[in-house]
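J.: FYI, in my numbering the residues of the sequence shown are 472 to 815.
Careful: at least some of the hints might be erroneous.
What the hints assert, rightly or not - Simulated pairs of lysine-lysine, DSS-like, Cα-Cα distance not exceeding 25 Å:
(1) Lys552 / Lys596
(2) Lys504 / Lys535
(3) Lys552 / Lys497
Unchecked claim - Here are the computed distance ranges between Cβ atoms for each label pair:
(4) Pro766 / Lys672: 47 to 57 Å
(5) His777 / Ser684: 15 to 25 Å
(6) Ser684 / Gly789: 22 to 32 Å
These are calculated hints, taken from the structure and not from any lab test. We put the CB at the ideal spot given by N, CA and C, even for glycine.
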Amino acid sequence: PPRSTLFPYTTLFRSQQRLFYLRAQKPSWGAVKLRLWLEQRHGIEGVPSERTLHRWLKKARKVKARRPHHQAGKGMICLVKADRPNAIWTVDFKGDWWTEDGRRLLVLTVRDLRTRFVLCVRPLKAASEELVRRVFTRLFNRYGQPAAIRSDQGAPFCGVGPFGLTRLSVWWMRRGIEVQFVHRGSGIDNNAHEEMHRCLKREAITPVSRTYSAQLRRLYRWQVRYNHTSQRCLGKRSPQQLYQGAVKSLNKLSVPTYPTYWLTRKVRSNGAVKLHGSLRHIGRAFTHLTVAFEPIYFGYLVHFMHLTLGSLNPQKIGAGLLPLRGKRSASGGYAPAGRPSKNS
């Protein structure tokens, strides 16, 4: 065949070779960066599209499929806004890193969204629900309860069960606190908290201290200094001047109440209930709590407090809870607060 016919194929072959070589040098780069590099540095004309480059990498097994992420809080509505102090607390983990003596640091940070007042900078041994619950109990006793708590979709705040709830977030809901999970592109995020983390890393962690106790002292001194430093976004006032705690009284844990004609079952430690002689999985987040089953034409709708967790078909052997797959609301997927019942 004539040379003009072979030219496109040779060009594509050379593009593939350069793409694979560059990918080996930059294994963290995706198709977008790789294409820009090929255009700018190598001066290749007519570089294939990003989708084509990604298909080449995938065919050559040089990329891994992304792990699917669950949709936390899908279908629920956010009601609380950060229009006053103590309305929304943001929470996240900063870590982990090691001091020079080999001690691990995993720091739990809690901050008021409106005033940017840092409530807690506390290292924990592990990101467990029990340890985080103890910290929040102390914070509630000292500052009062907020109207809402916002977190990302990481453990132990968010899980893979219905609405992404865990035992920790269910515990918040039972105290009348609205649980908010961050959803990218919904207009509500945790960027302000991440900005505070960058400041924490720059001023209190880099470089790390020699000993664990010295690092703790740096963290606590940074918390005091941050709260007393004037910030331009706050009108040249400090978070300490603007923050006002809520009424220091702990709400009792609400006891769910349901209509009398609904079936009620207590969830076992393994996250299952016994219904019609067989175990049906509901979720470990509701362990030792009561859920209700509303009869419908093909089975039951499963309820917990004000939430409809999903449906369950008892005719299917071993079938568990089927979560609802409704459309997410315009304001994002969040869990509204449950008011304590009168019997609590």
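J.: Does each hint fit the structure? Answer for all of them.
T.: Structure-based check of each hint:
no. : hint                        : verdict
1   : Lys552 / Lys596             : violated, 32 Å
2   : Lys504 / Lys535             : holds, 17 Å
3   : Lys552 / Lys497             : violated, 43 Å
4   : Pro766 / Lys672: 47 to 57 Å : holds, 54 Å
5   : His777 / Ser684: 15 to 25 Å : violated, 46 Å
6   : Ser684 / Gly789: 22 to 32 Å : violated, 53 Å
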